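All chains, full assembly: derive it from the sequences and hints.
Taken in sequence, the protein lines are chains A and B.
The working numbering puts the first sequence at residues 1 to 227.
The working numbering puts the second sequence at residues 1 to 123.
Simulated from the structure, these hints should not be mistaken for lab results.
A quick note: this is a predicted structure, and the numbers were derived from the prediction, not measured.
It is possible that some hints are incorrect.
Calculated lysine-lysine pairs in the PhoX-like style (CA-CA distance at most 20 Å, straight line) [what the hints assert, rightly or not]:
#1 B:Lys107 x B:Lys90
#2 B:Lys90 x A:Lys136
#3 A:Lys136 x B:Lys107
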Amino acid sequence: MESSMIKNDDYGEIITRIKQIKSLFAFGEGILPFLEELFVFLREVSPLLNDVSESIMNTTGLMPDAASELDTAVAETTDATYQIMNRVEQIMSHVDTLEMGANPEDMEAAMMLGEIRNDAIAIMTALQFHDIVSQKLVHVRKVMAEIQIKMLQLFTRVYELHIEDEIKENILSTFGVNIEKFHNMMEKKINVDSRMTADSPAPESPIKVQAPQTSAFNQNDIDDLFG
Amino acid sequence: MSDLFILIVDDSPTMRRIIKNTLERLGHRESVEASNGKEALQQLEEHPINFIITDWNMPEMNGLEFVTELRTTPEYAKIPVLMITTRGMKDDVLQAVQAGVNNYVVKPFTPETLEQKMNKLLA
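Take a look at the structure:
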């Protein structure tokens, strides 16, 4: 029958197809070990990624507490600094009183009182450490707030993707995000942001991580500059 | 007794107290305080201030903005300004000079440094 008969051209096409399939198998032979390795790698690395993501989530959740700890540290050192200042001022006041009532010819007493006053002044000026450390803590607090906001933005972007909820949750859970925790976190987010960024005696601008600056000047360089 | 009326501008009460104390020990007993540039401008309206010591990092109006504002106000343009700050980068110092700061000290300062800088500005 003519319809069941295979023409020479058809044979040619079949042979071409077979060659294509063969070359595909050849490619497959090369790619399969790689794919196998890739799947093994993914299988091994996946729990690690989950651990990392879990850690990120935990850390994100701990940040407000850490910020609060920093605030407490600043407040406590402020109190301590004030107490020291009060004592030092009392000492200075006593020295002043003693000097006024001292015998002007008693050089030894005058010298001792002078030394006490100098020590008191040295303690007072050393208390500048409090302001310097506080400023650094405030900066750390801002960096922490910035990191937390970036993390939440990242997770939020995934969460807000226009894809099916199941897929979204799968993606988030792949990153170790606990969906329930995340929901709660999203609800608290606004409060957390405002809590971490408000009420600090901060530098001039809104939260920003400063880019590395040029070389540091020491006081001698500055003195040279001003002549 | 000094004839200086000094304005101390710093958002840290600790620093203001240290500076005030040091100034008193140096014989400068007349001073007022402000915790940022805005407050400082108010103090300038209310007191015969003729010397300013200011920090840089402050909320609302920082030291740099304050000095810039000061230098564009003819009434206050010539008041000597000493900046005491934790910012010690080259760019910071240059920015401060451009804004109109007359001298610059990086915290922590010593009473001797403060005295020396003030004498230089008042000479």
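Do the hints match the structure? See the list:
no.: 1; hint: B:Lys107 x B:Lys90; in the structure: 15 Å, holds
no.: 2; hint: B:Lys90 x A:Lys136; in the structure: 19 Å, holds
no.: 3; hint: A:Lys136 x B:Lys107; in the structure: 13 Å, holds
Hint check: no violations occur; every hint is consistent with the structure.
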